[in-house]
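Chains A and B supply the protein sequences, listed in that same order.
Following the working numbering, the numbering of the first sequence begins with 80 at its first residue and continues without gaps.
Following the working numbering, the numbering of the second sequence begins with 640 at its first residue and continues without gaps.
Do not rely on the hints blindly, as some may be mistaken.
Part of the chain A face toward chain B, derived, beta carbon under 10 angstroms [stated by the list, open to error]:
id : residue
1  : Thr106
2  : Gly110
3  : Tyr269
25 angstroms max Cα-Cα, derived DMTMM-like pairs, lysine to aspartate or glutamate [stated by the list, open to error]:
id : chain 1 : residue 1 : chain 2 : residue 2
4  : A       : Lys250    : B       : Glu801
5  : B       : Lys872    : B       : Glu904
6  : B       : Lys771    : B       : Asp786
7  : B       : Lys771    : B       : Asp809
8  : B       : Lys681    : A       : Glu95
9  : B       : Lys835    : A       : Glu95
10 : B       : Lys872    : B       : Glu922
11 : B       : Lys925    : A       : Glu95
12 : A       : Lys250    : B       : Glu805
13 : B       : Lys663    : B       : Glu702
No lab work stands behind these hints: they were computed from the structure.
Cβ atoms here follow ideal geometry from the backbone N, Cα and C, with glycine treated the same way.
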Amino acid sequence: MGEAQLGLPLPPLTLEHWLSVWSYLPTLLQGLSVNLALLGGLLGVGFVLGVIVALLEVYGPRGLRLFAAGYAWVFRSIPEILLLLLMWFGPAQFGLSISPFTAAVLALGLRSSAYQAEIFRGALQAIPTGQTLAARALGFSRLQAIRYVLLPQALRLSLAGWGNEFAVVLKDTTLAYAIGVVEVMRQARYIGSRDFPLTLPAYILVAMLFLVVTYFGLFLLGNVEKRLRIPGLEARR
Amino acid sequence: MALRRVAMAFLILGVVLSGAAAEKFIVGTDASWAPFEWVSAKGQMLGFDLDVMRMIAVLEGYEIEIQDIAFDSIIPAVIAGKVDIGASGFTITAARAEVVDFSSPYWSSDQTVLVRADSGLNIVTALMPGRKVAAQRGTTGAFWVEDNLIAKGVAVELVLYETYPEAIMDLLAGRVDAVVQDQAPSEQAVRQYPGKLIIVGVIKTYEEFGFLVAKGDPKGILPRIERGMKKLKETGAWDNLVAAYFGNPLGVIEAAWEACISILEVGKDPVAYAACLAQKVKELSK
Numbered sequence: 080m081g082e083a084q085l086g087l088p089l090p091p092l093t094l095e096h097w098l099s100v101w102s103y104l105p106t107l108l109q110g111l112s113v114n115l116a117l118l119g120g121l122l123g124v125g126f127v128l129g130v131i132v133a134l135l136e137v138y139g140p141r142g143l144r145l146f147a148a149g150y151a152w153v154f155r156s157i158p159e160i161l162l163l164l165l166m167w168f169g170p171a172q173f174g175l176s177i178s179p180f181t182a183a184v185l186a187l188g189l190r191s192s193a194y195q196a197e198i199f200r201g202a203l204q205a206i207p208t209g210q211t212l213a214a215r216a217l218g219f220s221r222l223q224a225i226r227y228v229l230l231p232q233a234l235r236l237s238l239a240g241w242g243n244e245f246a247v248v249l250k251d252t253t254l255a256y257a258i259g260v261v262e263v264m265r266q267a268r269y270i271g272s273r274d275f276p277l278t279l280p281a282y283i284l285v286a287m288l289f290l291v292v293t294y295f296g297l298f299l300l301g302n303v304e305k306r307l308r309i310p311g312l313e314a315r316r
Numbered sequence: 640m641a642l643r644r645v646a647m648a649f650l651i652l653g654v655v656l657s658g659a660a661a662e663k664f665i666v667g668t669d670a671s672w673a674p675f676e677w678v679s680a681k682g683q684m685l686g687f688d689l690d691v692m693r694m695i696a697v698l699e700g701y702e703i704e705i706q707d708i709a710f711d712s713i714i715p716a717v718i719a720g721k722v723d724i725g726a727s728g729f730t731i732t733a734a735r736a737e738v739v740d741f742s743s744p745y746w747s748s749d750q751t752v753l754v755r756a757d758s759g760l761n762i763v764t765a766l767m768p769g770r771k772v773a774a775q776r777g778t779t780g781a782f783w784v785e786d787n788l789i790a791k792g793v794a795v796e797l798v799l800y801e802t803y804p805e806a807i808m809d810l811l812a813g814r815v816d817a818v819v820q821d822q823a824p825s826e827q828a829v830r831q832y833p834g835k836l837i838i839v840g841v842i843k844t845y846e847e848f849g850f851l852v853a854k855g856d857p858k859g860i861l862p863r864i865e866r867g868m869k870k871l872k873e874t875g876a877w878d879n880l881v882a883a884y885f886g887n888p889l890g891v892i893e894a895a896w897e898a899c900i901s902i903l904e905v906g907k908d909p910v911a912y913a914a915c916l917a918q919k920v921k922e923l924s925k
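With the hints as constraints, model all of the structure from the sequences given.
Structure follows, in structure tokens:
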């Protein structure tokens, strides 16, 4: 029993293994580009729906407010892997065939919209009510006040939280492999299936790719944040 | 903005409808089971099953799209209509034949028992009560352990994996004592870890592989598969394909496949393709 629990060391990895996994880099990068496409799609879906849901939650009439809260509740409650499978198998029930990629964008996008809505809602509620009153006093309609005064500020305030969401959902795109999207994780498994000893090196290479992508993504968002900062308005870093 | 969204909706609808109109069948496979199906170093899906599917598609004049799915999800996907054909080394069993329809058999296989070369186990000691025996989930190897060992009171501990390579990794790591799996993939595993793994025995199960479609074959695919297989066998293309795919290193098969595949995909000539593949594999493995 002791032997089984401790395990034997796998045949040692040699320099040759690391070099040969390196030769798979183009394949892995091709897989990573699918992750980035997924990321773009799901952030887009999530952003549009997230802003709408947040506005409804804060400014909507009672009925819509409840609907928006319910929406955020549903999509924050269901495990992502389950959402993916539901989105893949669900439409087939009604004769609709959507590709694994579309299903993944929709499932992950809807889920992200619920989280993004909460980020935007918090930011909207952080803006002092005096601003709404001032805008109205200047002759803005209610919608104009939201469109020109409140939302731009709220989006700027949301950037920090949004960067966090970016880092989370970037990694979530690897879950799409469960419904057959050939992204980087699946490519790594192909490498391991073809060349068994390369399983671990391939996973490590993928981990490094994600370190790089996350670093540059957050770096970019940090720059956007700096650029949009209004001197004197918010606490300085 | 609203207009653009409406246009987008129509676009998506159009894509969905046009996808349904073309005569194209989706082939589901678990691409981690060389030499029947795997993904090459350059990211292309190949293997015996997949080439047979491609060749029959050319002969019978339809298109296929190959989709990689976990093995135990292929039959559910065929039932749900997400996939039209299952081509993944499926053994024809009575239980499966209740929920899907099979083609006539195209391959026969037996199960093998694989252990670490230094373990000193033989086919009897490897399958004794208390041993950890691994198999891939949903495969006939797993069913054999359940039906012929566990159900008959030989209390081995069955450990199931989603893919076959994972079982091999755990065998090497000593977390399991033996792996029960079809012969050709087992031989492929031994080739990957020379001196580390050994096949200690063959269990004669006389299994036969078939391609599968939804129950009742609503799209009328099976007769076309049958016709295609018959043509392949009559022209000798089948034997060439067998010679190319079995008993050779994966790298050699991949190089030959890459050199020849345009004969099938562009030239639409399955017979010449199979001849090219067999010839190239022979040349390269010298």
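- Task: List, from low to high, the hint numbers that the structure doesn't satisfy.
- Result: none
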